[in-house]
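S.K.: What follows is the residue order along each chain.
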Amino acid sequence: MPLNPQIARPVFDTPPLDARSRALRKLVLRALDKGGRGHPGSAMSLMEIVRVLYDDVLAFRAHEPNWDARDRCILSKGHGCLALYAILADKGFFPAEELDGFCKIDSRLGGHPEHGPCPGVEASTGALGHGLSIGAGMALAAKMAGKSHRVFVMLGDGEINEGSVWEAALFAAKHKLDNLTAIVDYNKLQSYAPVAQVQELEPLADKWTAFGFAARQCDGHDVAALRENLTALPFTAGQPSVLIAHTVKGKGIPEAEDNPKWHHKSYLKEEEMRVLYAALDG
Amino acid sequence: MRKTCLNMVHELARADKRIVFVGSDLGAGTLDAMREELPDQFFMEGIAEQNLIGVAAGLALEGYIPYVNTIATFLTRRCLEQIAIDLCLHKLPVRLIGNGGGLVYAPLGPTHTTLEDVALMSALPNMGVCAVTDAEEMRRMMPQTVDWTGPLYIRLAKGGDPVVSSSEDDFQLGSALERRRGGDVLILAYGVMVERALQVAEMLEQSHNLSATVLNVHTIKPLDSASILNHARGKRLVIAMEEHGPHGGLSAAVALLLAQSDMLGGVEAPRFRAFAAPDAYAEGYGSQNQQIARMELDAESITQRIRTML
Chain A
1 MPLNPQIARP VFDTPPLDAR SRALRKLVLR ALDKGGRGHP GSAMSLMEIV RVLYDDVLAF
61 RAHEPNWDAR DRCILSKGHG CLALYAILAD KGFFPAEELD GFCKIDSRLG GHPEHGPCPG
121 VEASTGALGH GLSIGAGMAL AAKMAGKSHR VFVMLGDGEI NEGSVWEAAL FAAKHKLDNL
181 TAIVDYNKLQ SYAPVAQVQE LEPLADKWTA FGFAARQCDG HDVAALRENL TALPFTAGQP
241 SVLIAHTVKG KGIPEAEDNP KWHHKSYLKE EEMRVLYAAL DG
Chain B
1 MRKTCLNMVH ELARADKRIV FVGSDLGAGT LDAMREELPD QFFMEGIAEQ NLIGVAAGLA
61 LEGYIPYVNT IATFLTRRCL EQIAIDLCLH KLPVRLIGNG GGLVYAPLGP THTTLEDVAL
121 MSALPNMGVC AVTDAEEMRR MMPQTVDWTG PLYIRLAKGG DPVVSSSEDD FQLGSALERR
181 RGGDVLILAY GVMVERALQV AEMLEQSHNL SATVLNVHTI KPLDSASILN HARGKRLVIA
241 MEEHGPHGGL SAAVALLLAQ SDMLGGVEAP RFRAFAAPDA YAEGYGSQNQ QIARMELDAE
301 SITQRIRTML
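In order, the protein sequences belong to chains A and B.
Be aware that the first sequence starts at 1, since it is given in the UniProt record's numbering, and climbs by one per residue.
Be aware that the second sequence starts at 1, since it is given in the UniProt record's numbering, and climbs by one per residue.
Everything labelled a hint here was simulated from the structure, so no lab data went into it.
Accuracy of the hints is not assured; some may be wrong.
To be verified - No more than 25 Å apart at the CA atoms, straight line, and that leaves these computed lysine to any residue pairs for SDA-like:
{"id": "1", "chain 1": "A", "residue 1": "143", "chain 2": "B", "residue 2": "37"}
{"id": "2", "chain 1": "A", "residue 1": "174", "chain 2": "B", "residue 2": "158"}
{"id": "3", "chain 1": "B", "residue 1": "91", "chain 2": "A", "residue 2": "128"}
{"id": "4", "chain 1": "A", "residue 1": "174", "chain 2": "B", "residue 2": "35"}
{"id": "5", "chain 1": "A", "residue 1": "147", "chain 2": "B", "residue 2": "37"}
{"id": "6", "chain 1": "A", "residue 1": "143", "chain 2": "A", "residue 2": "26"}
{"id": "7", "chain 1": "A", "residue 1": "143", "chain 2": "B", "residue 2": "144"}
{"id": "8", "chain 1": "B", "residue 1": "91", "chain 2": "A", "residue 2": "69"}
{"id": "9", "chain 1": "A", "residue 1": "174", "chain 2": "B", "residue 2": "36"}
{"id": "10", "chain 1": "A", "residue 1": "176", "chain 2": "B", "residue 2": "39"}
{"id": "11", "chain 1": "A", "residue 1": "91", "chain 2": "A", "residue 2": "199"}
{"id": "12", "chain 1": "A", "residue 1": "143", "chain 2": "B", "residue 2": "18"}
{"id": "13", "chain 1": "B", "residue 1": "221", "chain 2": "B", "residue 2": "257"}
{"id": "14", "chain 1": "A", "residue 1": "143", "chain 2": "B", "residue 2": "182"}
{"id": "15", "chain 1": "B", "residue 1": "158", "chain 2": "B", "residue 2": "286"}
{"id": "16", "chain 1": "A", "residue 1": "147", "chain 2": "B", "residue 2": "40"}
{"id": "17", "chain 1": "B", "residue 1": "17", "chain 2": "B", "residue 2": "144"}
{"id": "18", "chain 1": "A", "residue 1": "143", "chain 2": "B", "residue 2": "147"}
{"id": "19", "chain 1": "B", "residue 1": "91", "chain 2": "B", "residue 2": "28"}
{"id": "20", "chain 1": "B", "residue 1": "221", "chain 2": "B", "residue 2": "74"}
{"id": "21", "chain 1": "A", "residue 1": "176", "chain 2": "B", "residue 2": "180"}
{"id": "22", "chain 1": "A", "residue 1": "104", "chain 2": "A", "residue 2": "69"}
{"id": "23", "chain 1": "A", "residue 1": "176", "chain 2": "B", "residue 2": "34"}
{"id": "24", "chain 1": "A", "residue 1": "174", "chain 2": "B", "residue 2": "39"}
{"id": "25", "chain 1": "A", "residue 1": "174", "chain 2": "B", "residue 2": "288"}
{"id": "26", "chain 1": "B", "residue 1": "17", "chain 2": "A", "residue 2": "66"}
{"id": "27", "chain 1": "A", "residue 1": "143", "chain 2": "B", "residue 2": "39"}
{"id": "28", "chain 1": "A", "residue 1": "26", "chain 2": "A", "residue 2": "111"}
{"id": "29", "chain 1": "B", "residue 1": "221", "chain 2": "B", "residue 2": "180"}
{"id": "30", "chain 1": "B", "residue 1": "17", "chain 2": "A", "residue 2": "67"}
{"id": "31", "chain 1": "A", "residue 1": "143", "chain 2": "A", "residue 2": "54"}
{"id": "32", "chain 1": "A", "residue 1": "265", "chain 2": "A", "residue 2": "63"}
{"id": "33", "chain 1": "A", "residue 1": "176", "chain 2": "B", "residue 2": "44"}
{"id": "34", "chain 1": "A", "residue 1": "143", "chain 2": "B", "residue 2": "91"}
{"id": "35", "chain 1": "A", "residue 1": "261", "chain 2": "A", "residue 2": "199"}
{"id": "36", "chain 1": "A", "residue 1": "143", "chain 2": "B", "residue 2": "221"}
{"id": "37", "chain 1": "B", "residue 1": "91", "chain 2": "A", "residue 2": "63"}
The following block holds chain B by itself, in its conformation from the complex:
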C-alpha cells in the first residue's frame, strides 16, 4: 500500500506541477524514480517534522500541493501544533501520508505504533482523515486527493495486505462504500479492518444465520453520516471495529452520530457495540496480526464477542 501510494504521488506529480513530495529521512531508495525524473518536485528534508509541516504550509500558500510523508506517529504526534495552526487554521491543501498507522510497527514497540492518530487528526477542524483497505483501493483513491479541500491525513497500512477491495466499487473519497448487504447487522470498518469485517459477516451468516451489511468507512472524517444512518435503520445490531484506541476514532464518531439521531430509542432500536483497541499502550511486540489478536480484534474474536450478545 505504501509503495502504491508513493508511486501514485510520482504519477500525479508528473501530470500536475503543483504536486511536490516532501519526505523526512525515509528508507534508501524511496521514490528514486521520482527524484530522478522530477527532481524539482522531490524533497527529502531530514528528521525535522515540525519544519516539514511549516515548509509544506509555505509551499501551499504559494499554490503547491505538498504530499508529506513519514512514519505516522512522528507525523501526527510530533508536530501536532504545526498541523493544527499552519495547515488546518490556514485550510491548506497539504496531504499527510502516515506510514504504519495502527499496529503496523508492533515489533518496534510503542514509540512507533499509533492507536491515536485518527483521534488526533479528527480533532482538528478542517482536517480530513482517511484509511483505505488495500493497495488497489489506494490506487483508486489517490487521484481524488489532489483537489480535496483543505488538509488530509492518509493513514497507511503495512503493505502486502490482502487485496479485498473490488475494482467494480465506485470509490468516492468522503462516501462510505457498501461492500456487502444484509438486513440484520451493520458492520463499519476502515483500513485493514475491512477485511476482518467481511470475515465477521461471513461467520455470522454461517453460524447464526444473520445477514450483515459491511460499510467501508475509508473516510473517517468527514463521516458519511447519511449513509451510516441509512444503513443502521432497521438493523438489530450496529458494530464499529477499528485498529485504534476507543477514544476519538470511528467508534466514538459513530456512537455520537447514533446517539444524536434518536435511533437508539424504542424496542426496535439497534444495539451498538464498538470493537476498538484498549485505552493502553500495546504490551509486548510481535506482529501487527499478533497484536490485533491479543486485543481481540481479529475476526474470530469479534464474531465470538458478538455471539455472546445475541
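Only chain A is shown next, with the shape it has when bound in the complex:
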C-alpha cells in the first residue's frame, strides 16, 4: 500500500526491516493481542528509535533498574509505551510473559507507562508535554552533582503542540544542558489527521534551532542512521541536542502505515490480529 500522498516527508532510502526489528514488533503485537487494545501505530513508528537507544546508546542495568550511573530515558509520548515495553522485555527488565498482561487489572504494564510499578520507566507519562521538563530537571541535577550520565526524552510530533514543551526547550538551552537529548518521533500523523492539517510544525528543525538546540534529522527507521547520530552526542558542546526522526506511523504493517485509524485500537478482532502478524511474517 503506498504511503498517504497527503503527507509530505523527506525521501529516504529506508532499508527493509530486519529480523530484529520484526521480532520487536511481534512483541508489540503480543501485548496488543492479549491486552485487546493499545496504540499500535504510535509504537511502530518509535520502534527503531528505542531499539537503537537500548542496543547502542544507553548505559543501563536491566536487573538494577535504579543503578545511579544509568542514562535516563523518558518516553514523553507515553501512548507509544508498547514499543518501550517490547524493548524493556527484550532487554530483561521484566519477563516477556508480562506483555500478555498489558492493560490488565493486576499488570505492571498499563496503557501508559508508570514510574514505580514498571521497572525501567523513569517517569509516568501519558498526559503530553511533561517529559521534556522532567528530563531537563534530571539533566540539571546531573550537572549540579557532577555526574556524567545523560538524559533522553522521546517526544511525539503531536505532543509538541503543547506549550510546555517549548517552555522546557527555553530552560534546557538557558542551562546549556548538553547532557539532554530530545528525539522527536516525527511520523506526521496525529490522532485525528496529518500533523500538517491539525497543527503544522514546519519548519520544525528551525524552531528547535531557534530555541537553542543543536538539531539533526534522519530516517527514523534506518538503524544505521539513528546509530550514527545518537552516538555523536552532544551534537554541539554546550547545547541540548534534538534528533528529528522522520518516521512512518504504523511502520511495518502496511494496513496501519499512515492510517489514522490505527493510532489507537480497542476490541481488536482475531481477523485484524491475523493481518498484523502476517505483515511481519511476510
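Guided by the hints, dock chain B onto chain A, whose structure is given.
M.R.: Just chain B now, kept in the frame of chain A:
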C-alpha cells in the same frame, strides 16, 4: 510571612544541599542573599509555571528538595496537571510556596486572588496543604517541611500580618494546634483567620458568656481528624471559618468528618456552621480586609451570625 518563608528556605538550604529554590519571575531583590551565597541552589526560571513544576519533579527524582515559589493562583491553577502527575503521582518532595493565597491580592482583581487553591490542592492524592497564622509560626513550621513525605502546598498570607501565634506552642505540621480552650463552642480556622477566630471566641465570651475552644488547623490536609473530633465532642456548636470558597476547603472537610463520625445525631449533638467566602469571584477590589468584611468573614460579622443561631 513571605519574607520569613523565603529567608527560611535560604537558611535551610545552607545546611542541606538537597534544598534548591525555584522561582518564576519574582520581584527584584527576592532572595538576593541566597543567590549570592548559594548560587548553585538558586534558580529563577521565568514565567513558565508548567515547566517549573516539571523541572522540580526531575530534580526531586534525582534526590533534590525543590521549593517552588510564585503567586498562588498561577502556581495552583496554571499547572494543575503538572502538579497532579509530575508531583503527586510520583510522590515527590517538592514544596509549593504560593504567594497571596485567598484575598491578599484583592486590589489586583480576580485573576490574582484565589479562593479555590486549598480545594484544588486538597483534591490531589499525596498532596499536603498548609497555611500558618503568621510569620513567627512560619519560622517554626519551615524546618518541618524539609522531610515531609510527598509534595506540600504552603499557602502564604500577605505579610505584615499581626503575630498572634505563641512561641510556647508545640507546633507540629500535621497536628491541629489548640490555641484556646472552652467548653461550649469549637472554632476551627487556618491562616489569617486564626486571629479572627480568637477574636470571635473573645466576643462570644464577653457578650454571651459562651466559652470557646479555638483550634488552629494550619494543616488542612491531612486533616487532624482525631483532634477535631475529640474537641467537637460535647460542644454546642462547631464552627469552621476560612478565607476560601465553600467547596473543598476546611469547611467541606470538617463537614464530611462530622457527618461520618455520627456525632451530629441525637439531641446533644453539636450544630455545625461553616463561614466561608461565597461561591463567586470577588466583586470590586479594595484591600484583603475590606473584601473579608464584604464577605462577612470579619470577626464582628461572624460573631453576629453566630448570635442569631443561639
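S.K.: Now, for every hint given, state plainly whether the structure supports it.
M.R.: Do the hints match the structure? See the list:
{"no.": "1", "hint": "143/A x 37/B", "result": "holds, 19 Å"}
{"no.": "2", "hint": "174/A x 158/B", "result": "violated, 32 Å"}
{"no.": "3", "hint": "91/B x 128/A", "result": "holds, 19 Å"}
{"no.": "4", "hint": "174/A x 35/B", "result": "holds, 17 Å"}
{"no.": "5", "hint": "147/A x 37/B", "result": "holds, 23 Å"}
{"no.": "6", "hint": "143/A x 26/A", "result": "violated, 39 Å"}
{"no.": "7", "hint": "143/A x 144/B", "result": "violated, 28 Å"}
{"no.": "8", "hint": "91/B x 69/A", "result": "holds, 22 Å"}
{"no.": "9", "hint": "174/A x 36/B", "result": "holds, 19 Å"}
{"no.": "10", "hint": "176/A x 39/B", "result": "holds, 16 Å"}
{"no.": "11", "hint": "91/A x 199/A", "result": "violated, 36 Å"}
{"no.": "12", "hint": "143/A x 18/B", "result": "holds, 14 Å"}
{"no.": "13", "hint": "221/B x 257/B", "result": "holds, 13 Å"}
{"no.": "14", "hint": "143/A x 182/B", "result": "violated, 56 Å"}
{"no.": "15", "hint": "158/B x 286/B", "result": "holds, 14 Å"}
{"no.": "16", "hint": "147/A x 40/B", "result": "holds, 15 Å"}
{"no.": "17", "hint": "17/B x 144/B", "result": "holds, 16 Å"}
{"no.": "18", "hint": "143/A x 147/B", "result": "holds, 24 Å"}
{"no.": "19", "hint": "91/B x 28/B", "result": "violated, 32 Å"}
{"no.": "20", "hint": "221/B x 74/B", "result": "holds, 21 Å"}
{"no.": "21", "hint": "176/A x 180/B", "result": "violated, 55 Å"}
{"no.": "22", "hint": "104/A x 69/A", "result": "violated, 32 Å"}
{"no.": "23", "hint": "176/A x 34/B", "result": "holds, 22 Å"}
{"no.": "24", "hint": "174/A x 39/B", "result": "holds, 15 Å"}
{"no.": "25", "hint": "174/A x 288/B", "result": "violated, 38 Å"}
{"no.": "26", "hint": "17/B x 66/A", "result": "holds, 22 Å"}
{"no.": "27", "hint": "143/A x 39/B", "result": "holds, 14 Å"}
{"no.": "28", "hint": "26/A x 111/A", "result": "holds, 18 Å"}
{"no.": "29", "hint": "221/B x 180/B", "result": "holds, 22 Å"}
{"no.": "30", "hint": "17/B x 67/A", "result": "holds, 22 Å"}
{"no.": "31", "hint": "143/A x 54/A", "result": "holds, 23 Å"}
{"no.": "32", "hint": "265/A x 63/A", "result": "violated, 32 Å"}
{"no.": "33", "hint": "176/A x 44/B", "result": "holds, 15 Å"}
{"no.": "34", "hint": "143/A x 91/B", "result": "holds, 23 Å"}
{"no.": "35", "hint": "261/A x 199/A", "result": "holds, 19 Å"}
{"no.": "36", "hint": "143/A x 221/B", "result": "violated, 35 Å"}
{"no.": "37", "hint": "91/B x 63/A", "result": "holds, 24 Å"}
Checked against the numbered hints above, the structure breaks hints 2, 6, 7, 11, 14, 19, 21, 22, 25, 32, 36 and satisfies the rest.
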